[in-house]
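Trainee: Below are the chains, spelled out letter by letter.
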Amino acid sequence: MKKGKGWLKPLALLSLTGALLVGCSSGNNASSGTPAPTQKPVEQVAPQATSTDDEKPVDGGTFTHSTTSDIVTINPIFGNDTASGDVMEYTQAYLYNRNPSFDLAVYPWSLAAELPKVSEDGLTYTIKMKNNAKWSDGTPITADDLIFTINAIKTPETGSPEITKYDKVKEMKKLDDYTVEIKLTQLYAPFAFGLMQKLAPAHVLKDVPFKELQAHSYGKDPAKTPTSGPFKWSEWKQKEFHVLDANPDYWGEKKPHIQKVVYKIYADQNTQVQALMKGDVDLVDSIPVTQLEAVKAKGTINISTEPGPSYEYFAFNFDKKNFPNNYGLFEGQKTRQAIAHAINRQGIIDNILKGTGKIMDAPFLPGTWADPGDAAVHYEYSAEKAKQLLKEDGWVAGSDGILAKDGNRFSFEFIFNSGNSRREQAAVVIQQNLKEIGIEAKPKALDFSALVDQYANPGKFQVLLLGWQLSDPDPDGISTFGKKAFPPGNNAGWYDNPKLDALWEKAVSTVKQEERAAIYKEVGKEISTNLPYVFMYQYGTPRGMTSRVKYKDEFKPVSMIPYGETFGFLNWWIDDTKK
Amino acid sequence: MTEYLVRRVLQAVLVLFLITVVSFGLMHAAPGGPLKVMLSPGMSPEAQLIQMKNMGLDQPVYIQYMKWVGNLLQGDLGHTFKNNVPVGDILWPTVWNTFVLMSVAWGLSMLIAIPWGIYNSTKQYGLSDQIASIVAYLGFAMPTFWFGIMLQQFFAMQLNLLPLSDMYTMGKEGQVSDLILHLILPVTVLTLVNIAAYVKYTRASMLEVLEQDYIRTARAKGMKERRVIFRHALRNALIPVVTIIGLDLPTLVAGAALTESVFNWPGMGRLFVEMAVAREYSVLMSITLLISLMVIIGNLLADLIYALVDPRVQLGRKGGRAA
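Residue numbers (the working numbering), protein chains in the order written: chain A, 128 to 706; chain B, -16 to 306.
By construction, these hints were calculated from the structure, which means they are not laboratory data.
Each hint should be verified, as a subset may be incorrect.
To be verified - As a list, the in silico DSBU-like pairs of lysine-lysine whose alpha-carbon atoms are at most 35 Å apart:
1) A:381 / B:155
2) A:295 / B:36
3) A:679 / B:36
4) B:36 / A:405
5) A:569 / A:518
6) A:297 / B:36
7) B:155 / A:425
8) A:183 / A:405
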């Protein structure tokens, strides 16, 4: 729930991840895995790159990263919440990292030596690890750690929230101390993204029964938690802060300039923003839009309003039982398209999100390799077009001005979670927009867990306004839109489109990324024409960083990928001279 | 007296028992639940079931309750669902932090409010009394978080005199001078609110007593005004004030969620809100129990103090009444 984003994680939960790289052909260079996606520049508001070429990095200094929730654990087998993930970004190394386009990549700080080699049939992955990596207690990081980690996660007794990542792993073989061969039960392209995995130390945990792993002190007690990344976990004061110190024996070629990271927990977002302005903290990753002007006025904070990896949706329910007289209001494709035309998405982005958003027409993150781009149908804001489409679909204005068909008024209730002020404001705009075309839409805010438990999970609502967080890099969406994800799955609106289901299936059983991308273009076209949702916009919260933190442009924070705000952190430095 | 105490303690145990039953039941009846809050929904139903079993959530509520009570009687407050940390590890530090903050605010409020209320009752509608009225209106009417933010803006942001938030500056944990600096703003907020109430009660109570015949008698005897006020009026007037203050005792550990949030004070108020969202039943039950205990102790203390300030109150005689 952190950052107030959508409930379930997104897309692809079941599957996680995607695509791959594949090409084994590209597998030998040590940088990014797949064809460079055409990433469109996203407008940034204030933040110029905060260093010029003649400035030289200096070593030392403390960086304070602020947050509003504490970690669960930094054991990679269990920690998958945002706060745990934040601390692990500094302390635990990934086997493969994600690059700014959300693709698999090998960096000097990755545990892998090269991109995975995938067999022709897509069933066998060979992973080569660096041979000089060490845990902070001096033990080498080897194939054993990788095999142990995946084994623990895929075993249900462990209770890892990441279990679905590896449910298609058939067997793992240790070819030598630094090479592992993984065989899958079936061709499944998203598997590769599951390899963006941080490892747990086999030498500490291998004798612990899986059932007891969660209770083990590894990941919860700094003194008993050797780490694999550039920073050691020195101290944890519950609900207050974490202290992370640069590991003097860090194995990576690239050592951090910044010597200490404080991860500081605030109970109140306003206080957190004040602390940023006062200089108590260096990074706030979600500034309430209401405070944006004040922060800008301060002048010493670099602000980015690039949206994050989340999107907002307005989901129709296709189960007729949810409507009076069992009359499904959203049966007509033209009716759904009319609603897409009627909602002023750009207006909401400009006025309510204060620009921290970008219209989305399909459930793919803009700028990633699977983004269908113009292949997805875009519905511009037009009440005229909306009215025309409704007319074509047989809706006629009744005596009270509300449209009706076959004696059924076009009136419905749309629900969302209370306490999210942006969503509450957007709901009012939606209500107004739909009223203009003769539809009565009644917003209703509900407590989040009640909403999930009693409405979303059982699929009992008329329309649901909520968000998804696309934290998994694979674009597979069958667990959100497919028939097999009917309630209590994530397909809360009982959307059933066999053509799409076939496309989703085809895409995950295709290994070559270019071929997958072509399939997702078709998906994008079909889904944006048929509209299980009105896809609203990609959104996020503005991020602020004090100007004492310096970095070259290539290492600037990236909003679009999870944990992207500290992408390239090892190359940052602190300059206190002109504070 | 002993008999009275024993009876009160027995009553307290019964009340606590009922409180735990009701709150345990209510918590489990609320929608959501710890598993829903924390698991990724991609987990297969089988895997979720295993997790439910690991957490003991698959059992009927009454079994879960009995297990909880059993552990409690052995001094075990349980573990969090989320990461299996002993509840005590989280709870006790926050109890202490809240106690530091609240006891300073509480003590200060009494030191200021009671004498002030007494003084105002003798100089009704004087300047001091008028000021107290304004303070009281402000204290009652002003949202505490707003007042807190205003203080932060002025003293921390504009003047840069005081720290913005937290209990200690990083690296100065345990330094009393640092703690005092951090206490000033939140204590100011909490004290203002408390003073508003206490001054009004003290003054009203004093005025009522000062109208009594025995006060007039005392004055008629030619007794000094000072002696009339402190010897005769005050002890009677304090009885209702003691009740109010005693009832506030639980806030010493319960904390003030809003003020703690605004000042990022690592206390119980904050913890409770956070744990309620996460549905951490064990932590919530422990907090509920602790606060209930404080309510009972507060009441008991108020009753005992009656006996001190008012000789007419005799506890325990003839099955004495618990006020």
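Trainee: Now tell me if each hint is right for this structure.
Mentor: Verification of the hints:
Taking the CA atoms of residue 381 (chain A) and residue 155 (chain B), the gap is near 32 Å; set against the 35 Å cutoff, the hint holds. Straight-line distance between C-alpha atoms of residue 295 (chain A) and residue 36 (chain B) comes to about 24 Å, which keeps the hinted pair within the 35 Å bound. For a cut-off of 35 Å, the pair hint linking residue 679 (chain A) to residue 36 (chain B) is broken: about 50 Å separates their Cα positions. Pair hint residue 36 (chain B) plus residue 405 (chain A) does not hold up; C-alpha atoms about 47 Å apart against a cutoff of 35 Å.
Between residue 569 (chain A) and residue 518 (chain A) the alpha-carbon distance is near 22 Å, which keeps this suggested pair within the 35 Å criterion. Straight-line distance between C-alpha atoms of residue 297 (chain A) and residue 36 (chain B) comes to about 26 Å, which keeps the hinted pair within the 35 Å bound. Taking the CA atoms of residue 155 (chain B) and residue 425 (chain A), the gap is near 28 Å; set against the 35 Å cutoff, the hint holds. Taking the CA atoms of residue 183 (chain A) and residue 405 (chain A), the gap is about 26 Å. The hint holds against a cut of 35 Å.
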